[in-house]
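Could you put the whole structure together from the sequences, leaning on the hints where they help?
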Amino acid sequence: MKFAILAVGHKPPAWVAQGCAEYVKRMPRELPVSIVEVKPESRGAKSREQLLAAEKSRLMTALQGYDRMIVLDERGSDLATRELADRLAGWMRVGGDTAFVIGGADGLDESLKMRADDAIRLSSLTLPHALARLLLCEQLYRAISIVRGHPYHREG
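Quick note: the sequence shown uses our numbering, first residue 1, plus one each step.
Mixed in with the good hints, there may be bad ones.
Dumping the calculated EDC-like pairs for lysine to aspartate or glutamate here, alpha-carbon to alpha-carbon at most 16 Å [unchecked claim]: (1) K11 / E41; (2) K113 / E49; (3) K2 / D67; (4) K39 / D106; (5) K113 / D73; (6) K2 / E30; (7) K2 / D97; (8) K25 / E138; (9) K11 / E30; (10) K46 / D106; (11) K113 / E74.
So the derived label-pair ranges between C-beta atoms look like this [what the hints assert, rightly or not]: (12) E37 / M1: 21 to 29 Å; (13) R58 / P151: 34 to 42 Å; (14) K46 / A80: 20 to 28 Å; (15) P28 / R75: 29 to 37 Å; (16) S77 / H150: 17 to 25 Å; (17) G96 / A54: 21 to 29 Å; (18) G44 / K11: 16 to 24 Å; (19) A53 / P151: 29 to 37 Å; (20) Q50 / T81: 32 to 40 Å.
No lab work stands behind these hints, which were simulated from the structure alone.
Virtual Cβ for every residue (Gly too), placed ideally from N, Cα, C.
See below:
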């Protein structure tokens with residue numbers, strides 16, 4: 001099983017890339033995480049719907065080969081870390097590769113969100129997309145650590 005983070009956006013700041021690389025490196029070999037940058041659509045005179053449709057097309061191409069799509073969305077499930085670990089454990093039991101999708105500045109196309117297997121949110125706060133990417137990397141690492149039986153300091 002493998003995980004991917006598909007993020008619409010430009011190259012993140014160095015501190016985000018370094019932080020993500022650190023958590024990706026810590027993941028167990030049998031559960032690798034990759035980060036795929038998906039080019040955002042150039043704005044020009046395009047409507048929001050046109051921008052999102054173009055990004056959806058790029059995301060659909062990047063999603064080929066993944067069995068499960070989880071979108072990050074402000075209206076998604078608000079999970080505690082233990083709940084994310086439980087979901088990951090369930091996905092691992094079922095098998096199949098999982099892609100987590102982070103939209104661009106205008107979000108994600110509604111039809112793409114409707115196709116998702118699940119929607120989660122990282123926070124009720126508004127986060128820059130680069131920071132959301134880093135937080136997701138950290139939370140995947142933490143959740144997998146819990147699944148693998150490492151003690152979680154918030155329990156007890």
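Here is what the structure says about each hint:
This hinted pair checks out: K11 and E41 have alpha carbons roughly 14 Å apart, not beyond 16 Å. With a CA separation close to 14 Å, the supplied pair K113 and E49 stays within the 16 Å bound. Simply put, K2 and D67 have alpha-carbon atoms about 10 Å apart, close enough for the 16 Å limit, and the pair holds. The hinted pair formed by K39 and D106 meets the criterion: a straight-line CA distance of about 13 Å does not exceed 16 Å.
Between K113 and D73 the CA atoms are separated by roughly 8 Å; this keeps the pair inside 16 Å, and the hint holds. Simply put, K2 and E30 have alpha-carbon atoms about 7 Å apart, close enough for the 16 Å limit, and the pair holds. Distance check on the hinted pair: K2 and D97 sit about 5 Å apart at the alpha-carbon level, within 16 Å; holds. The straight-line distance between the Cα atoms of K25 and E138 is roughly 11 Å, inside the 16 Å bound, and the hint therefore holds.
Under the criterion of a C-alpha separation no larger than 16 Å, the hint pairing K11 with E30 is inconsistent with the structure, at around 27 Å. Between the alpha carbons of K46 and D106 the distance comes to roughly 12 Å, so the proposed pair stays at or under 16 Å and holds. With a C-alpha separation of about 12 Å, the suggested pairing of K113 with E74 holds against the 16 Å cut-off. As the Cβ distance of E37 to M1 is approximately 22 Å, the hint placing it in 21 to 29 Å holds.
R58 and P151 have their C-beta atoms about 40 Å apart, which keeps the hinted 34 to 42 Å range intact. At roughly 39 Å, the beta carbons of K46 and A80 sit outside the given window of 20 to 28 Å. For the pair P28 and R75, the supplied restraint of 29 to 37 Å holds, since their beta-carbon distance comes to about 31 Å. S77 and H150 have their C-beta atoms about 24 Å apart, which keeps the hinted 17 to 25 Å range intact.
Taking 21 to 29 Å as the suggested C-beta distance range, the pair G96 and A54 conforms, at roughly 28 Å. Judged by the Cβ atoms, the range 16 to 24 Å given for G44 and K11 holds: they are separated by roughly 21 Å. At roughly 46 Å, the beta carbons of A53 and P151 sit outside the given window of 29 to 37 Å. Between Q50 and T81, the C-beta spacing of about 37 Å keeps the proposed range 32 to 40 Å intact.
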